[in-house]
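Here the sequence shown stands for residues 1 to 243, where the numbers follow our numbering.
Any given hint could turn out to be false.
DSS-like cross-link-like pairs, simulated, lysine-lysine; straight-line CA separation at most 25 angstroms [to be verified]:
1) K67 with K217
2) K74 with K54
3) K74 with K232
4) K217 with K190
5) K190 with K220
6) K49 with K225
7) K213 with K88
8) K88 with K65
9) K213 with K65
10) K220 with K232
11) K67 with K54
12) K135 with K213
13) K190 with K213
14) K49 with K67
15) K220 with K49
16) K225 with K72
17) K49 with K213
FYI, nobody ran anything at the bench for these hints, they're computed from the structure.
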Amino acid sequence: MVENVENERVENEKVDNETNESGSDNDSDYESDFEFEQNETTNDYLPEKYEELKTAIQETNLEWKRKGPANKRKYSALDMNSAPEILKNCLDFLQSDAFFLVLSNITGLKLHELASCSDSDGETSENNQNNGEEKIPCCHSEVRKWNHGNYTLIRDTDCTTTEFELDSLLHICCEGWSEEYGGFTSYIAKGEDEELLSVYPTENSLSLVYRDKGTLKFVKYLNHKVTQMPTKGFYDILSVYRE
């Protein structure tokens with residue numbers, strides 16, 4: 001479930017793998033939808049590999065590191081040295097040239113040299129230049145585990161990003177999740193109380209959120225009700241892309 005928001009700061013769209021072939025005739029349609037904040041919710045993002053991914057991420061021999069400090073965040077991140085092969089392959093895919101090109105075609109961002117230019121060529125060119133040197137698109141990914149008592153916080157002293165960024169959230173093992181459990185990602189404008197957008201955990205779905213330099217995010221505290229879920233929580237893979 002994704003809320004439509006009439007705000008230029010954050011744009012969000014969920015896509016499935018059926019639309020992720022580069023060169024698809026529908027790429028321009030999805031790019032247009034993305035720019036005008038028309039959201040689409042689709043599941044079964046990884047229909048062939050998802051069950052295998054679910055099993056692997058719940059293995060007991062994985063090493064999870066607690067992320068802190070407590071005044072900023074509390075959750076667990078996977079040590080990729082202990083990750084099974086399918087999880088490594090999933091991250092390789094999310095960080096691959098092919099997926100960068102797919103994201104470019106869907107969103108209009110310049111994440112790949114073969115992508116068509118966005119409408120704001122001047123702005124894109126300016127954003128991709130740094131002291132006369134062209135920036136190289138990049139991505140950082142993290143596999144996270146969320147249980148009762150986990151959260152991330154926004155503080156008054158937090159700095160907003162210096163870059164425009166595209167968040168990609170792949171939710172795993174969240175079947176039966178309810179909004180009352182917490183655990184959703186909330187986006188707000190710095191210095192404002194009104195929420196711009198909430199991204200809720202949805203089984204086997206990929207969420208894309210493009211945020212500007214004035215947008216902050218946090219994960220809502222997971223209360224005791226989340227223990228009613230079969231997995232007592234859920235997992236996600238967060239990837240952050242920069243032009």
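Against the structure, the hints:
At most 25 angstroms may separate the alpha-carbon atoms for a hinted pair to count; K67 and K217 meet this at roughly 16 angstroms. Of the pairs offered as hints, the one joining K74 and K54 holds, with about 22 angstroms between alpha carbons and a cut-off of 25 angstroms not exceeded. Annotation: proposed proximity of K74 to K232 holds, straight-line Cα distance about 16 angstroms (limit 25 angstroms). Taking the CA atoms of K217 and K190, the gap is near 9 angstroms; set against the 25 angstroms cutoff, the hint holds.
Annotation: proposed proximity of K190 to K220 holds, straight-line Cα distance about 17 angstroms (limit 25 angstroms). Under the criterion of a C-alpha separation no larger than 25 angstroms, the hint pairing K49 with K225 is inconsistent with the structure, at around 29 angstroms. In summary, the hint linking K213 to K88 is not supported, as the alpha carbons are separated by about 30 angstroms, beyond the 25 angstroms threshold. Our distance criterion of 25 angstroms between C-alpha atoms is met by K88 and K65, whose separation comes to about 17 angstroms.
With a CA separation close to 29 angstroms, the supplied pair K213 and K65 exceeds the 25 angstroms bound. Of the pairs offered as hints, the one joining K220 and K232 holds, with about 16 angstroms between alpha carbons and a cut-off of 25 angstroms not exceeded. At roughly 22 angstroms between alpha-carbon atoms, K67 and K54 fall within 25 angstroms of each other, so this suggested pair holds. Taking the CA atoms of K135 and K213, the gap is near 17 angstroms; set against the 25 angstroms cutoff, the hint holds.
About 9 angstroms separates the Cα atoms of K190 and K213, which keeps this hinted pair within 25 angstroms; it holds. For the hint linking K49 to K67, the alpha-carbon distance of about 28 angstroms lies beyond 25 angstroms, and the restraint is violated. A threshold of 25 angstroms between alpha carbons decides the hint, and for K220 with K49 the separation of about 29 angstroms lies outside it, so the pair is violated. Only pairs whose Cα atoms come within 25 angstroms are accepted, and K225 paired with K72 is accepted, the gap being roughly 22 angstroms.
With a C-alpha separation of about 35 angstroms, the suggested pairing of K49 with K213 is violated against the 25 angstroms cut-off.
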